[in-house]
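Engineer: If you want the building blocks of each chain, they are given just below.
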Amino acid sequence: MSKEVLYGLYDDENDLFAAIEKAKAARLDIMDVYTPFPVHGLDDVMELSESRLHIAGFVYGALGTLTALGVMTWVFTRDWPIIFGGKPYFSFPAFVPITFELTVLFAAVGMVVTFYVVCGLGPFGSGATILDDRITDDKFCLAFDTTGMSQIDVEKYSAFFDGTGAEVNRKTI
Amino acid sequence: MEQQFTFTGKQKTFFLALMALGAICLVLTYIGDTATPHHERFWTNFLHNSVFFTGISFIGLYWLAAHTIGYSGWHIGFKRIVEAMTLFLPIGLILLLVIVAGLYGGWHHLYHWAQEGITDPTHPNYDKIIAGKSGLLNKTTYTAVTVFVLLAWAAIAYFMRRASVAEDTEGGLKNYKKLKLWAAILLPVGAFSSAFCIWLWVMSIDSHWYSTMFAWYTSASWLVSAMCILTLVILYLRSQGYMGHLNKHHLHDLGKYIFAFSIFWTYVWFSQFMLIWYANVGEETIYFKNRMDHFPVLFYGNILINFVLPFFVLIRNSTKWKAGSLTFIAVVVLFGHWIDFFQMIKPSIWAGLKHHAEHAAHDAGHHGPEIADFMMGFHFPGLLEVGTFLGFLGLFLYFVFSRLAKASLVPVNDPYLYESLNHRA
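Which chain is which? The protein sequence lines are A and B, in order.
346 is the number of the first residue of the first sequence in our numbering; add one for each residue after it.
111 is the number of the first residue of the second sequence in our numbering; add one for each residue after it.
No lab work stands behind these hints, which were simulated from the structure alone.
Relax, there's no trap hidden among the hints.
Here are the computed distance ranges between Cβ atoms for each label pair:
id : chain 1 : residue 1 : chain 2 : residue 2 : range
1  : B       : G281      : A       : F469      : 52 to 58 Å
2  : A       : K432      : B       : K238      : 28 to 34 Å
3  : A       : T380      : B       : P525      : 26 to 32 Å
4  : A       : E366      : B       : F374      : 37 to 43 Å
5  : B       : K243      : A       : L411      : 42 to 48 Å
Each computed DSSO-like pair below joins lysine-lysine, with the alpha-carbon atoms no more than 30 Å apart:
id : chain 1 : residue 1 : chain 2 : residue 2
6  : A       : K516      : A       : K367
7  : A       : K348      : A       : K501
8  : B       : K358      : A       : K369
9  : A       : K369      : A       : K501
10 : B       : K464      : A       : K432
11 : A       : K369      : B       : K432
For each residue, glycine too, the CB sits at the ideal point set by N, CA and C.
All chains should be built: construct the whole structure from the sequences, respecting the hints.
Structural biologist: Structure below.
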């Protein structure tokens, strides 16, 4: 199903913040905001619930810790015990650097993959179209969904952009 | 925007009471301690706390310089507190001068290398290894480094503070440029000179031993402690109605500092440990063998309190900015790093005493005091140590608060003030 989208482009994130506050005060339904890079404080203003990505990250990290410790312990005490430099088979300090590396690796790769899946990016893409190519470069976008709205309502939304310094466009996606 | 802090009589009385407690504890340690031959418990406590708080003051200066050079804006809202912390450096010099005076007066036996005849091959005290290191480990170098380095730090701290306060009334960019200049001078000078200081003050207690990681490790310990004190002072001032211009993101960033540098501390601690453990060279391993065999509570407790605890408490988003969790972790970790310095100093002194007592037992006619396998104040901080710590903390905070009252809490003309007021994480 296609959507009629009315959107405004801003040059600066501070203008975007001001526009969001104004739209919230006027009780307009914001479809979404798009920015070329992560903007601090945007999720607060948009009243989004806290991301759960970091919880996934902790779980992946813990998985990495267990994998590294488990594999090294099994290899060096059961599968192929070798004495290195007179140290015991299970020599924990020697395992720490590798455990650390695997924890970081699992957490980082796991979070990137999860993020891509959740956002429908890359090979997991949903085929969503980009409203305006410049959003991926230097423009900040505030978008309203105007599908099926009456002419009066659409004008109300258009009028909102007046005086906020936006470049206004309409697009069917 | 101007905000004036008043150092109330109640606060003064409280800090003076802490100082009195510390003084009483020091006196009691000096006269009451019969277990060690040369008042070692008193002198190690004095050295431990002097080095700990002087280092916190220095690392505050280093932190300030690094932020000034890095075009940082977020810290401007509370940089007056860090400035006040750096002004403790002259007191640190006085405290360490007592140790220096003790070297010449023979008051303490903290440093093996300071013994009479240690470099003289005909003397019974002769030690070949220390003789080879005597170019660095001698009284003149110790005195010169302590005096000149601390004077240089204190001078730079004074000049940076003066430029910062002058900015309040004069405005313009003149004083900001001065701050940049002093910061640029301090960064290399402070980094190298602090390494020399810590080698002489603490590492040389184990005169035969050395570690190239030692200066990193202690600096990280100081940095975490300084962040904890800074956070606690900010939270206290906020509870008294000051610092209203700071928001949760400032606190969040301080929480991140404590979290990140607790991990960094663990990283350098472990780097030092693992290289020595792996190579297993006797003269290096002795340092950790002594601690692991005779001081297991301190040795393993150090890791628990300074890594495991802050890691799991601060890993959550909200615990990094909520006042309750921040206060808890800052208090515990500050004490934890005080324990860290405790276990750098005490086990070495104890091992020296033990070694000496065993030798004396061999030679007929020589009977020093028996050195026990568990000694309060060496294997674990006793009430006297905690009291001494509180005394030094009172001294430090008295100084910080009195300097804080001498200028506006907000540097009103700092070019980055607006950025700090609008700080978002």
